[in-house]
Structure formats: structure tokens, C-alpha cells
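Peer 1: The primary structure of each chain is shown beneath.
Protein chains: 2
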Amino acid sequence: MPKNPGKKIGFLGPWGTYTQEALVKLLPINEEDLVPYTTEADVIKAVERGEVAKGMVPIENSIEGSVRVTLDVLAFEANLFIEKEIVIPINHSLMARPGVRLEEITTVISHPQSLAQCRGYLSEKLPGVKVEIASSNAGAAKIVSENSGKLAAIGPSLAAEIYGLDVLDSSIQDFEDNQTRFVLVGKEPPGRTGHDKTSIVCFIYEDRPGSLLLILQEFAYRYINLTKISSRPTKKALGDYCFFIDLEGHVDDEVVASVIKCLRCKIREVKILGSYPAANGVTD
Amino acid sequence: MPKNPGKKIGFLGPWGTYTQEALVKLLPINEEDLVPYTTEADVIKAVERGEVAKGMVPIENSIEGSVRVTLDVLAFEANLFIEKEIVIPINHSLMARPGVRLEEITTVISHPQSLAQCRGYLSEKLPGVKVEIASSNAGAAKIVSENSGKLAAIGPSLAAEIYGLDVLDSSIQDFEDNQTRFVLVGKEPPGRTGHDKTSIVCFIYEDRPGSLLLILQEFAYRYINLTKISSRPTKKALGDYCFFIDLEGHVDDEVVASVIKCLRCKIREVKILGSYPAANGVTD
Chain A
52 MPKNPGKKIG FLGPWGTYTQ EALVKLLPIN EEDLVPYTTE ADVIKAVERG
102 EVAKGMVPIE NSIEGSVRVT LDVLAFEANL FIEKEIVIPI NHSLMARPGV
152 RLEEITTVIS HPQSLAQCRG YLSEKLPGVK VEIASSNAGA AKIVSENSGK
202 LAAIGPSLAA EIYGLDVLDS SIQDFEDNQT RFVLVGKEPP GRTGHDKTSI
252 VCFIYEDRPG SLLLILQEFA YRYINLTKIS SRPTKKALGD YCFFIDLEGH
302 VDDEVVASVI KCLRCKIREV KILGSYPAAN GVTD
Chain B
52 MPKNPGKKIG FLGPWGTYTQ EALVKLLPIN EEDLVPYTTE ADVIKAVERG
102 EVAKGMVPIE NSIEGSVRVT LDVLAFEANL FIEKEIVIPI NHSLMARPGV
152 RLEEITTVIS HPQSLAQCRG YLSEKLPGVK VEIASSNAGA AKIVSENSGK
202 LAAIGPSLAA EIYGLDVLDS SIQDFEDNQT RFVLVGKEPP GRTGHDKTSI
252 VCFIYEDRPG SLLLILQEFA YRYINLTKIS SRPTKKALGD YCFFIDLEGH
302 VDDEVVASVI KCLRCKIREV KILGSYPAAN GVTD
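Chains as they are written, first to last, in the working numbering: chain A, 52 to 335; chain B, 52 to 335.
Calculated from the structure, these hints are not laboratory results. Any given hint could turn out to be false.
[To be verified] Keeping only pairs whose Cα atoms sit at most 25 Å apart, straight-line, the calculated SDA-like set for lysine to any residue is: (1) Lys181(A) / Arg315(B); (2) Lys279(A) / Lys317(B); (3) Lys286(B) / Tyr172(A); (4) Lys322(B) / Lys201(A); (5) Lys248(A) / Gly261(B); (6) Lys287(A) / Gly171(B); (7) Lys248(A) / Ala288(B); (8) Lys287(B) / Leu264(B); (9) Lys238(B) / Arg315(B); (10) Lys181(A) / Lys287(B); (11) Lys317(A) / Leu277(B); (12) Lys322(A) / Glu227(B); (13) Lys287(A) / Thr334(B); (14) Lys287(B) / Ala126(B); (15) Lys286(B) / Ser282(A); (16) Lys287(A) / Thr278(B); (17) Lys176(A) / Phe127(B); (18) Lys286(A) / Asp220(B); (19) Lys176(B) / Arg100(A); (20) Lys286(B) / Asn276(A); (21) Lys96(A) / Lys176(B); (22) Lys248(A) / Asp220(B); (23) Lys76(A) / Lys287(B); (24) Lys287(A) / Gly261(B); (25) Lys201(B) / Asn198(A); (26) Lys201(A) / Thr89(B); (27) Lys287(B) / Gly332(A); (28) Lys286(A) / Gln164(B); (29) Lys176(B) / Glu128(A); (30) Lys181(B) / Thr90(A); (31) Lys287(A) / Thr89(B); (32) Lys287(B) / Glu128(A).
In isolation and in its complexed conformation, chain A is listed as follows (with noise of 0.2 Å):
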């Protein structure tokens, strides 16, 4: 039978993270089409097997940089393709259960991403408080909400709302500057606007050090801005990399079309994760 994904949307959950934040704030959509799902390869997954339409995954963050689950089942794991993306600020809220005060918190609940951007706020406000890893902070409010002792849970303020918790203290993260970049993955590549931005993989052939200079020349030579570079392992030994690279333009350009073109005539892979419509700057 086949499977009908319909509208639905996958998002990394639980309820309230801010995936849900960002997914709501970049489409209109219905609370009963959205399906939270545990990690990011699994929203990914999903996609792909037909569950939902389209799934909603964090890429990259301003402080903690890639996220590598994403990358990582998009290049190796996944054929679908990026068809949007949105920036939103990270603000990071402490929030306990109504009535505990900020003086009487034991434990501080968040996931290590979130505790390692307030690490400055909590050993000057919470000195020797004990923290414990989530594996998400919308999860952390949950299980705050679901423990009597003097707990407190790092993340939106979306949870609280969703938890019932009290907000201690708010925008708690050390550095200003802290946005997350997330993507709509699905299976429909979308055409060109004119204002689009491409997401490629490329994998070199071992040994030939100077292949990421080749392929930075080869932008260079056409004058296509690169917005981002990282270097993943390949997973096959230390010093293996592929690099993950976002140009402006879509590959339906002429000259985007002819970079991929040489470019695959020189390394051994181009892996195409999509063109889609830049973002402007970030969404408040």
C-alpha cells in the first residue's frame, strides 16, 4: 500500500523545541500536521521513507558550529534535498517548576549543546550546581516538569509554555550572536528564484592535499560566493575528509552548473544537497 505522507512534517522533538520554533515561524501550518520525532536522522528517515512530506532538521549553529548527525545522514545516508532554510536567535531560557526559586536549584537538566553555551552563566550564577545531559532541552522542561526536586531546565521558552514552568531567568547564553540555521528537507527540488543559495558535498580522492585549494579556485575563477566550509570525516580514517560547502546561486545557473561540471571531473564525488531560496538574515 502505498504510503500518503500528505502535509505532514517531521521536526526534531519532543514538543517545543526550537525546530517546532523555527518550522512554525517559516510556514503556515496546522499543530495536527506536525510529527516530533527523537533525533535528527530520524526526522531525516522519515522523509525518506514516505512517513511524512517533509521533515525539519537544525544544520548549523553560530557557536557550536555544524550539526553532524544532519550532515552526516544527508551526505551519506539520505537522497533528498534541501527546499528551504530559515535562521532564527537562540535565546536560552532557565525555567523550574512554579514556586522554586533561582537560589534553591540542585541540578540544572539541558542537552550538551545548550549547557556548553551557558557554561560562563552557569558557573557565575549556579556555582557547583550538578548539571545532567537531555537528549533535547524541550526534554529537559519535560522532565522538569515531571520531578518534584529543585530542578531547572535550559531552553525556549516555547517548553516552558508547553511544560507549564516558571521562567527564571532569560537570554542566558554566554555569547550574543547565537542563531541556529535550520532546513526543510523533502523530496521536490525547488526551482530558481533568482535569490538562491546551493548546498553541495564534495569528495576528494585520498591523498591529493591539494584538492580543497583546487576546488576553492575553482569558485574563485567563476566568482561564486561561498557562504560556508566544513570538513567532515569520511568516516574511514583520520585525516579523510569531505568538505560540505554552500554557494550563492542554484544549480539551474550557468555558471553553477559549469563549477559542478568541472568539478566532478576532478574529485572523485559531487553530491548535490539542493538549491534553494536564501534566507534573509534572521527571523525574530
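Could you slot chain B onto chain A? The hints should help.
Peer 2: Quick look at chain B alone, frame taken from chain A:
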């Protein structure tokens, strides 16, 4: 009163980590001189404060890539030198309290990176098992040893030894050639040996998209081999990166001194993390 770190060496603990295993392979050292710390940042800062003479931390894994906190603390917070490096194979074991059988396991605990490296194994051999996160895999072994449930930990066999667990299965990682590179950091820059490697961080001016190309050309012009390039956000805004580069040679080599001098004329800053003897492949 001046601190006297003596021969003490900090390492990423608790007892029984891969870091401890790597340290013991790298140096002759008495157990009483070892000091476990909770995080990579804690190890590095203990060296800065003079609490220990040197510190051992993981810096790169062949599957998961760079250890971000190590790079960030070395680049942005500490002023230390990498004095030595070693690469060891990572063989994950599944371990439980004596008497617990594989098919009885209900929960698997480990560090998120180790769990990610055994994702395929877990879904094949232990489908539906609950996964919990610990701050280290040796810590996971400790938790398993202290709990009476049907728990298992993923980690080094050294941890099974230390915490009195049985190894139920070994080499359970999804990818072969799983290796981790560790570095010993301290305050004494090592002299030239003729077989050295240098680690630097290049900070570029914002809005100079050609900077990486320029940097790579400077090295290519001098036939200097790069053994690693990785980009990290500078924690300012999305798209603002610095580059971690490992190259063959020592800062006292004329050609290396020259490339660093040239780069310093052109980019914002070149921070030298150290010149040290290059590891000869993987130490079993």
C-alpha cells in the same frame, strides 16, 4: 605560595577512559601522578592554573571529527602548547554487571559520541533498547556497576576492568578504522626533532570570503603539506569562522616561520598551538 604541579598529569576522566589508555601508552607514568578531570576544559584550565604540569585531552576522532571543546578552549581561552600527540584505535565494548546476559539488556548508557558510533549495532542487536546519555563512557561503566538493573555501558575494556564489569561484546563500533588523536598540553614548547607537526589557528577578517583560498595558496607555494583543516565558528555570527590547520614542520623551520610571518601580514591573527613530534601512525 607558588603551586608545585610536580609530575602530575591531568586527563579527561573518570578512571578508565580512552584518554587514560592513550596517556599510559604515550608516557611512562605512575598512577599516583594521574589526576582525572570531568571535562576537556577542566583538564586544560588545570594546566593553566599550574594545578598539574601537563594535561591529556582528545582532539579528533576519525568518525565524529574534531572534539570541539578542546579546540575552542585551546584557541580562545588558554595559552598553552601542544607538546605531544598520539593516535590510538577506539574499540568499543558492551559491558554489564557479571551475570547479566546480552538479551536481558533494557538500557544502554554511554557518551553521545560513543552511542553515535554504535548506532547500527544497537538497532540490529538491541532493537528498542532504551538509550541514556552519560558525560563519559567510563562514567557510564561506573553507573552500570552501581545499579542493579539490566543496564549495559559502551566504552573501553579498561573501564570494564576498573569497575568490575563483564565484556558482553567487543569491537561493536559501526565503522572500522575508528581512531582518536589525543594531545598532551603543557607550558614547554618542544624543540625541533626533524619529524614535527605544527598546529595553528587562523583568524580572518570578516567579509573576506577569499581568505581560506589565500591561506591555502601560501602553504602550497612553499610545498608545505597540511595534515588537517577544520573550520570552527568564532562564536560571533553564523558564517564567521576561524580555521584550525595542522601542517608538517616545526615553527623553528625556516619555511614554516616564513609562512606564518606572511600570513600575519594578511589575516587578522595566527595563533600557534604548538610544534611537536608527529605521531607515527596508530599506536595499538
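Peer 1: Within a Cα-Cα threshold of 25 Å, do Lys286(B) and Ser282(A) meet the stated pairing?
Peer 2: 18 Å, holds
Peer 1: With a cut-off of 25 Å on the C-alpha distance, tell me whether Lys96(A) and Lys176(B) pass.
Peer 2: 20 Å, holds
Peer 1: If you draw a straight line from the CA of Lys287(A) to the CA of Thr89(B), is it 25 Å or shorter?
Peer 2: 29 Å, violated
Peer 1: So if I understand the rule, the pair passes when the alpha-carbon distance is 25 Å or less; does Lys287(A) with Thr334(B) pass?
Peer 2: It holds: about 17 Å lies between the C-alpha atoms, which stays within 25 Å.
Peer 1: Is the straight-line distance between the alpha-carbon of Lys287(B) and that of Glu128(A) 25 Å or less?
Peer 2: 32 Å, violated
Peer 1: Take the C-alpha atoms of Lys287(B) and Ala126(B), compute the straight-line distance between them, and say whether it is at most 25 Å.
Peer 2: 14 Å, holds
Peer 1: Would the hint linking Lys287(A) and Gly171(B) be met if the CA-CA limit is 25 Å?
Peer 2: 16 Å, holds
Peer 1: Compare the distance between the alpha carbons of Lys248(A) and Ala288(B) with 25 Å, and conclude whether the hinted pair is satisfied.
Peer 2: Roughly 18 Å between the alpha carbons, so the hint for Lys248(A) and Ala288(B) holds.
Peer 1: Hinted pair, alpha-carbon criterion (25 Å max): Lys181(B), Thr90(A). Please report holds or violated.
Peer 2: Given pair Lys181(B), Thr90(A) holds - Cα atoms ~14 Å apart, limit 25 Å.
Peer 1: Can the restraint linking Lys317(A) and Leu277(B) be considered satisfied, given a maximum Cα separation of 25 Å?
Peer 2: 20 Å, holds
Peer 1: Going straight from one Cα to the other, do Lys322(A) and Glu227(B) come out at no more than 25 Å?
Peer 2: Holds, at roughly 24 Å.
Peer 1: Within 25 Å, alpha carbon to alpha carbon, are Lys248(A) and Asp220(B)?
Peer 2: 46 Å, violated
The earlier numbered hints that this structure contradicts are 1, 4, 10, 22, 24, 31, 32.
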